[in-house]
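Participant: Chain residues, written in single-letter form:
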Amino acid sequence: MASTRSDDESFEALFRTEYARVAGIANRVLGDPHEAEDVAQEVFIDFHRLHSASAQYAPAWLHRAAAHAALNRLRGARRRQKRELAQASDENANIMDPQNQLEVNEDRRQVRRALARLAPKPAAVLVLRASGLSYAEVAQALGVGIGQVGTLLRRAESALRKEVTRGTSV
Amino acid sequence: MAHLSEGTLRRMVDDPDAHGADARHLETCQDCQARFKSVADDARSITSLLAAPALNVDVAAAFDRVRSAPTARPRFGFRLPVVRPGSRPMVLAFAGAVALVALLATAIAEGGNVFAPNTVTPVPVTVADMQALSELGAYGTFSWTTKPQLQVVTGAVEAASASGLRIPTVAKLPHGVSSTITYGAMTKAVAQFTFSADKAAAAAAQAGKPLPNMPAGMDGAQLTVTVGPAVAEIFGNLNAPASGSDVTQANLPQLVVAESSAPVASSQQVTVKQFVDYLLSQPGISPQLTAAIKGIGDPSTTLPIPIPVEYATSSSVDVQGVKGVALGDNTGVGAGVIWVKNGVVYAVAGTIKQSDAVDIANHLT
Chain A
1 MASTRSDDES FEALFRTEYA RVAGIANRVL GDPHEAEDVA QEVFIDFHRL HSASAQYAPA
61 WLHRAAAHAA LNRLRGARRR QKRELAQASD ENANIMDPQN QLEVNEDRRQ VRRALARLAP
121 KPAAVLVLRA SGLSYAEVAQ ALGVGIGQVG TLLRRAESAL RKEVTRGTSV
Chain B
171 MAHLSEGTLR RMVDDPDAHG ADARHLETCQ DCQARFKSVA DDARSITSLL AAPALNVDVA
231 AAFDRVRSAP TARPRFGFRL PVVRPGSRPM VLAFAGAVAL VALLATAIAE GGNVFAPNTV
291 TPVPVTVADM QALSELGAYG TFSWTTKPQL QVVTGAVEAA SASGLRIPTV AKLPHGVSST
351 ITYGAMTKAV AQFTFSADKA AAAAAQAGKP LPNMPAGMDG AQLTVTVGPA VAEIFGNLNA
411 PASGSDVTQA NLPQLVVAES SAPVASSQQV TVKQFVDYLL SQPGISPQLT AAIKGIGDPS
471 TTLPIPIPVE YATSSSVDVQ GVKGVALGDN TGVGAGVIWV KNGVVYAVAG TIKQSDAVDI
531 ANHLT
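Line order of the protein sequences matches chains A and B. The first sequence begins at 1 in my numbering and counts up one residue at a time. The second sequence begins at 171 in my numbering and counts up one residue at a time.
It is possible that part of the hints are untrue.
[Unchecked claim] Simulated coverage check for chain A against chain B, where a stretch passes if three residues somewhere in it have a Cβ under 8 Å from a Cβ of chain B:
(1) 12-22
(2) 33-39
(3) 151-161
These are computed hints drawn from the structure, not numbers from a lab. The beta carbon of each residue, even a glycine, is placed where N, CA and C say it ideally should be.
So that you can see chain A by itself, here it is in the shape it has in the complex (with noise of 0.2 Å):
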């Protein structure tokens, strides 16, 4: 039983330190932080069903687990869907504040769709590193060696700078 209590502080202490930066990348994922939200708290209790919150590798893997379980919420054909619509509706809201809201909303648009069609690697390493993470805090994540963090981000920066690209001149 002591080993069960235990394990609950760990996790209790492993979401108040790591929640933040989990919902983070979703966010910054996804451009919705309510959404962002939805994944943070899954991949916490799919986290908590299968492993010990003590583990060493615990935020390397929640980190991880939020930039693919966000992506793959992103390539969602119908969430998409609905998240557009939701967004139309909320610039008809915003019809006060017409051309800056308009185009904000189309720029961040436009990225997601591009950030979806990246392949998963990186799109997580963008994102990872977008959420404020440290070379060392991506190199875990995702299971590289620190030196080649800088690489892997230059070249998704290249490789979304064209998928941008390509999605406007379509």
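Could you slot chain B onto chain A? The hints should help.
Facilitator: Okay, now just chain B, sitting in the frame of chain A:
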């Protein structure tokens, strides 16, 4: 000095205070300075593209939601280290396998015998059986006398040192299987299961079934199972799924080679036969599974391998001079071989042909 790579330049964008040979080169090389500027411009523009709306989280409220989620608690009193989200059938299968091994090992421990399997036999199970077995955690309390230390290690040497086992080497990989290996290791662990009459009654009531008559001494009876050490070699680039494929699927390993010391078990307060018979009589466990486990010829030397009835065909094969069980077929969808030699359980499995699995098993050194 050669010009700086794009990756180095990108890292220097994030670390403008870096010094050393790279920084000195950049100070004096106009070509690299121009490339640095272009890399830095790209990085800035991507950062701005990836801007996201503000996120204000209420951690306490979020924790309450997660804690109250019905799946937030482990079903079997322990958690697994490497299985990814989306692999629930694997978790169920694993929990079922552990429960079966525990039950059989317990049966063997009767009379103080040590469970030392030297052969394996398939036991057909249904998904419902596995679920029912994994729910046995509701009939008592699991605790670790010695907790398993599960870790992903950097290589074969560390895996050997963490587990105390000799790491097997695959002679030749089938075409298409990545040579990238992730090593996992588990130290020896001792788990205790204490049966609780109150919990069992509550679990049966929840299932709407009566609790079968309990033998005297069953309440509080203890089962001790020692598992591991174990190692796994996971082949496949887990971090780089094929572009455009589903992430969950692409992250599955192409091939796993695992090795574990055989489990050992003992019990207190009731005879082990009583313990096993009583657990197998719980609601939800099919009579077919009960019969299959009880039907194993010589349980003191046989390790049961749970095979989902609807997924796999199994056959007996010769592996490394002993009898093993081969699963799956030659379509490449999935196959595996399991055998026991010198008190160690080995498994080779993956999205490969059965003939490849048998070949890898036979040439494992």
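Participant: Indicate, hint by hint, whether the structure satisfies it.
Facilitator: Status of each hint after checking the structure:
no., hint, result
1, 12-22, "holds (count 5)"
2, 33-39, "holds (count 3)"
3, 151-161, "holds (count 9)"
Every hint, counting from the list given before, is met by this structure.
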